[in-house]
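Chains as they are written, first to last, in full-length UniProt numbering: chain A, 1 to 458; chain B, 1 to 458.
All the given hints hold, so there is nothing to weed out.
A pair counts as met if it fits within one copy or between any two copies, since identical chains are not told apart.
The calculated DSS-like cross-link candidates involving lysine-lysine, where the alpha carbons are at most 27 Å apart (straight line), are:
id : residue 1 : residue 2
1  : Lys-44    : Lys-286
2  : Lys-286   : Lys-358
3  : Lys-318   : Lys-388
4  : Lys-48    : Lys-358
5  : Lys-360   : Lys-421
6  : Lys-358   : Lys-421
7  : Lys-358   : Lys-218
Treat the hints as calculated values from the structure; they're not laboratory data.
Treat the numbers as computed from the prediction; the structure is a model and nothing was measured.
Protein chains: 2
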Amino acid sequence: MVEQKRENNEVRYNEEFLQMLLMEQEIDAFREHFLALHPYDQAKFYEKVGPDIRQTIYLYLSPEEMALIFEVIDLEDDEYEQFLSEMDPAYGAEMLSHMYTDDAVDVLNELDNEQRESFLEMMDSETAEEINELLGYAQYTAGAIMTTEYVTILENSTVRSAMAVLRKEAPNAETIYYIFVVNDQRQLVGVMSLRDLIIADEDILIHDIMSERVVSVKVGDDQEDVAQIMRDYNFLAIPVIDDNNELQGIITVDDIIDVIDEEASDDYSKLAGISDADDFDAGPFKAAMTRLPWLIILLFLGMFTANLMGQFEATLEKVALLAVFIPLISGTSGNSGTQALAVAVRGIATGEVNEQSKLKLLMKECLTGLFTGLACGVTVVAIIFLWKHQITIGLLVGAAICCSILVATIAGSFIPLLMDKLGIDPAVASGPFITTLNDVTSILIYLGLATTFINQIM
Amino acid sequence: MVEQKRENNEVRYNEEFLQMLLMEQEIDAFREHFLALHPYDQAKFYEKVGPDIRQTIYLYLSPEEMALIFEVIDLEDDEYEQFLSEMDPAYGAEMLSHMYTDDAVDVLNELDNEQRESFLEMMDSETAEEINELLGYAQYTAGAIMTTEYVTILENSTVRSAMAVLRKEAPNAETIYYIFVVNDQRQLVGVMSLRDLIIADEDILIHDIMSERVVSVKVGDDQEDVAQIMRDYNFLAIPVIDDNNELQGIITVDDIIDVIDEEASDDYSKLAGISDADDFDAGPFKAAMTRLPWLIILLFLGMFTANLMGQFEATLEKVALLAVFIPLISGTSGNSGTQALAVAVRGIATGEVNEQSKLKLLMKECLTGLFTGLACGVTVVAIIFLWKHQITIGLLVGAAICCSILVATIAGSFIPLLMDKLGIDPAVASGPFITTLNDVTSILIYLGLATTFINQIM
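Turn these sequences into a full structure, and let the hints guide you.
Below, the structure is given as structure tokens:
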């Protein structure tokens with residue numbers, strides 16, 4: 001019965017009970033209760049218990065049963081190595097060979113070369129070869145996330161024989177809901193959904209009912225582009241082909257959700273200047289170590305700013321009031337730079353910004369910077385006049401804010417575009433970096449203007 | 001044949017050719033070529049052409065064919081209203097009634113009350129009632145994104161009769177890959193995948209092979225929580241039940257991808273202080289208007305900072321050199337505050353931070369702030385001593401940076417936690433806001449220290 005509901009983070013299984021069964025060596029009772037759980041819940045339990053309890057789990061579960069857990073488990077990078085080293089190597093190798101190839105590749109990618117090789121040697125040669133091929137694809141490409149367990153049907157089969165193939169392949173294929181149709185040369189020529197197959201007449205030829213307009217990706221395509229296509233077309237799986245149009249693998253929607261999540265979290269982290277290792281679970285020392293590199297780099301940039309400002313010490317000495325508006329000006333220009341940066345990074349990530357539209361984006365941001373700069377400038381002049389009854393200082397601060405926003409907005413869109421051009425991930429031009437850069441320029445603009453018009457201000 | 005590949009943003013269809021067929025009123029040729037396209041490509045074409053060509057499309061396509069386009073189209077909010085108002089109202093109503101209910105609800109939600117009512121009145125009463133029910137669920141809940149087109153099977157059916165139901169329902173159901181098993185009271189009692197069904201013996205009872213451990217969500221559950229569960233368990237669909245355990249609808253994976261995308265983009269936008277309307281397509285004036293509210297609010301906060309600094313004008317007059325380090329201190333504390341903010345917002349979003357672990361996060365961030373503060377403080381003292389040969393100013397700036405980072409890190413995690421507690425989306429405590437807040441505190445700390453130790457500095 002459906003008694004167990006998920007209320008927030010409440011677990012769906014009885015952890016103490018399972019632990020007790022393991023400790024009292026109740027193998028049958030443990031297997032009965034544990035194997036009734038969804039693999040995700042099995043994984044949560046496995047992940048949570050200590051190493052000695054895990055040793056008992058390895059004894060009680062077959063490598064095949066363990067493989068289901070490792071297909072869904074979401075570990076820190078170094079934990080894969082740790083957990084695998086706990087297992088008997090032969091057990092680990094057999095588990096890996098029972099996993100879907102794409103998931104096995106994910107795990108093997110976390111190991112060092114030597115360990116990876118030793119596992120591959122222990123596997124049966126066919127599986128090892130398939131995995132080796134996938135390991136050869138560059139990270140973040142379609143080839144690296146595809147699986148080789150899928151169902152293909154020859155175009156001249158009947159619906160009846162296709163259903164028979166499907167029934168046979170169902171237990172091993174990662175998805176049977178799309179059937180990929182190939183010709184004698186294994187070239188992809190069509191696609192069918194299981195939905196269409198089960199409502200079709202049994203004697204009809206696949207070739208006559210398949211869809212010939214297959215949307216496919218190449219092994220070398222970027223995983224983000226693949227995610228975009230699958231999202232746009234609402235696909236549950238997409239075929240991956242090589243340059244010769246031969247079917248090499250498929251990518252299923254669950255892997256794409258992981259890609260979307262990863263990329264989004266990555267962009268977010270970079271905007272904030274943090275690393276993905278800096279999550280809730282990290283201890284304070286580890287968190288500090290991941291944050292410090294950015295902070296120290298920015299500290300040096302800040303010292304550089306301070307040094308530049310030192311050139312204007314004479315001006316600041318004459319009119320100390322000038323210093324009061326520095327945080328206002330650098331803050332506002334930093335904010336508008338971050339806004340422009342975020343729009344550009346997002347545009348590049350979604351593919352809306354391409355070679356032809358780069359100039360258009362820059363032109364647009366120039367105008368946007370001008371509008372926002374003027375609006376903020378006028379506001380500041382008004383506030384300073386109404387509040388402090390200072391018109392000269394007000395005009396100076398207003399002019400500085402207007403120019404700084406303009407420059408910051410252009411820089412905020414130009415820098416990610418330039419990085420994209422140079423083949424660097426534009427998200428690396430993170431928020432803190434743009435902000436610090438804009439600190440420098442805005443202060444130069446402000447104190448430069450102040451020094452020029454020092455006689456009017458005093 | 002699979003000749004048409006996607007190279008970056010290259011389209012998969014011949015736009016000019018389709019336009020020509022429309023203009024020359026070649027209805028049969030247009031229908032043949034257009035309907036062979038994937039609905040997503042149909043939508044891209046439909047979206048791109050002008051209003052008079054769209055009028056011809058309405059003439060050439062049935063409301064049912066148009067419904068497929070509207071199920072996948074991704075328009076700006078106000079475009080739904082515009083496109084629907086172009087159609088004959090009866091045509092529009094029929095199109096809406098042919099759409100999956102969840103997609104129809106998405107479209108109707110973009111219209112004003114009056115328009116919505118008039119469309120609902122023109123639909124057949126059964127569909128209108130189903131849609132009305134979905135419209136009643138609060139935004140961002142499972143109820144609001146679920147669909148009512150799914151396949152249910154009674155638990156005492158045989159596999160054979162279940163397959164017959166499936167074949168009958170396949171054309172209308174949003175997914176047939178999961179079959180939800182109910183008892184006589186429509187209560188959810190089990191689930192089966194089509195994969196399990198097609199390999200099962202035809203005479204067996206569903207009750208004997210279904211999985212009784214159904215993972216389900218409640219109609220009122222937050223869509224982000226639903227997304228998290230579907231991601232964890234790799235589900236293609238999840239059933240939605242009411243408090244009485246009665247099945248009310250299902251949520252499919254394509255809707256969940258949209259949720260994940262939206263939420264991620266939302267958090268990203270808020271960290272940068274931009275709105276989702278501020279995308280690549282927006283004109284410079286529109287972009288400026290969406291960015292200005294934040295900039296102006298922060299400008300007022302900045303003026304407040306300036307005013308506070310004014311209190312220290314006497315100190316700044318005595319030692320103008322002090323002003324030189326203001327951007328360094330406020331910048332560094334702003335950066336560390338944003339880092340802490342991003343970790344907290346992400347932790348809350350993924351559900352890792354809950355009531356029990358809030359205090360743990362705060363304690364951790366106190367220590368992290370202390371470590372990073374000390375490290376940056378010592379670095380600054382060293383730099384200023386080595387570079388400027390100033391020890392007193394160095395110690396002052398170092399102490400100010402150390403304290404500011406500590407305060408900023410704590411504030412960066414405390415504020416989103418507090419907002420979450422108050423029921424406000426923590427991502428609203430955006431990067432610019434935290435940065436400006438930390439400007440104020442860091443400058444108060446710095447100039448406060450400077451004023452206290454003014455005699456040592458001079």
